[in-house]
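In the numbering used here, the protein residues as written are 1 to 242.
Wrong hints could be hidden among the right ones.
[Unchecked claim] Estimated spans, in silico, between C-beta atoms of each pair:
| no. | residue 1 | residue 2 | range |
| --- | --- | --- | --- |
| 1 | Arg198 | Ile155 | 44 to 54 Å |
| 2 | His106 | Leu143 | 19 to 29 Å |
| 3 | Leu52 | Lys77 | 10 to 20 Å |
| 4 | Ser66 | Trp38 | 37 to 47 Å |
| 5 | Gln105 | Lys74 | 23 to 33 Å |
[To be verified] The calculated DSS-like cross-link candidates involving lysine-lysine, where the alpha carbons are at most 30 Å apart (straight line), are:
| no. | residue 1 | residue 2 |
| --- | --- | --- |
| 6 | Lys74 | Lys61 |
| 7 | Lys60 | Lys201 |
| 8 | Lys201 | Lys74 |
| 9 | Lys60 | Lys74 |
| 10 | Lys123 | Lys74 |
Rather than coming from a laboratory, the hints here were simulated on the basis of the structure. Cβ atoms here follow ideal geometry from the backbone N, Cα and C, with glycine treated the same way.
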Amino acid sequence: MQTEAAENPYGLMAALQQGGVIAWSVFLLLVFMSLYSWFIIITKFLDQRKILAEASELEKKFWASSDLKTGASKLDKNSPFRQIVDDGLRAADHHEGRLTDKIDQHEWVTMALNRSNAAINGKLTTGFSFLASVGSTSPFVGLFGTVVGIYRALINIGLAGQASIDKVAGPVGEALIMTALGLAVAVPAVLGYNWLIRRNKDVADRLNNFTSDVHGALVSGARIERPVSVAAPAAAAPAVKK
């Protein structure tokens, strides 16, 4: 004899159907917050990984070139490093006009590079505020569904005149599900935010160092070499007189 599996009266779909418009609204809002959070985490991770990979190849692809324009042509068109070089070259070549005559070219190039670097860092942090907002608000969105579920349970108790399990199990189950969903959305958002912030600091350091090197190349015509600790050479042996 075939037996049909009984549908779970206390599952997610049953809780949503019993909760009505409010339960569905809270559920869909949490789903949207979760999906968009994961989208930001994945896309920002890929962007950061691409920039770090490009930074490790700058010595071979860019700084080995004869001049900045040649080096920039070797970089990807959408590379933030190329954007910094292009903005610096544009500022150095177009330092003219009544508004810029009184500004020293060194200062003009410095401001252009700083603006370019700040714009790139601004793009890299796009979406971080959403992750922070999701991490801080999604538990309260789930709590709102919890409160509605408890309220429905109290109404059922009042209508039945007794606190029977069949009257309160559905609404209480709905309340617990909404609480769990709110936490399930908040935890990845908070962890992803903190993780991306730490990685973004490394990316920002690479961009700042590159900007300083480009500034030195534009102003002085040579790249600024970073100090490297080298052991002091041994004292030369005295010459032997014949």
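Structure-based check of each hint:
Between Arg198 and Ile155, the C-beta spacing of about 48 Å keeps the proposed range 44 to 54 Å intact. The given range of 19 to 29 Å is broken by His106 and Leu143, whose C-beta atoms sit roughly 56 Å from each other. Distance hint check for Leu52 and Lys77: the Cβ-Cβ separation is about 19 Å, which falls inside the suggested range of 10 to 20 Å. Taking the beta carbon of each, Ser66 and Trp38 are about 45 Å apart, inside 37 to 47 Å as hinted.
Evaluation of the 23 to 33 Å hint for Gln105 and Lys74 yields a pass: the beta carbon distance comes to about 26 Å. Our distance criterion of 30 Å between C-alpha atoms is met by Lys74 and Lys61, whose separation comes to about 6 Å. A hinted pair counts as satisfied when its Cα atoms are at most 30 Å apart, and Lys60 with Lys201 qualifies at roughly 24 Å. In summary, the hint linking Lys201 to Lys74 is supported, as the alpha carbons are separated by about 26 Å, within the 30 Å threshold.
Our distance criterion of 30 Å between C-alpha atoms is met by Lys60 and Lys74, whose separation comes to about 10 Å. Our distance criterion of 30 Å between C-alpha atoms is met by Lys123 and Lys74, whose separation comes to about 23 Å.
Violated hint: 2 only; the structure is consistent with all others.
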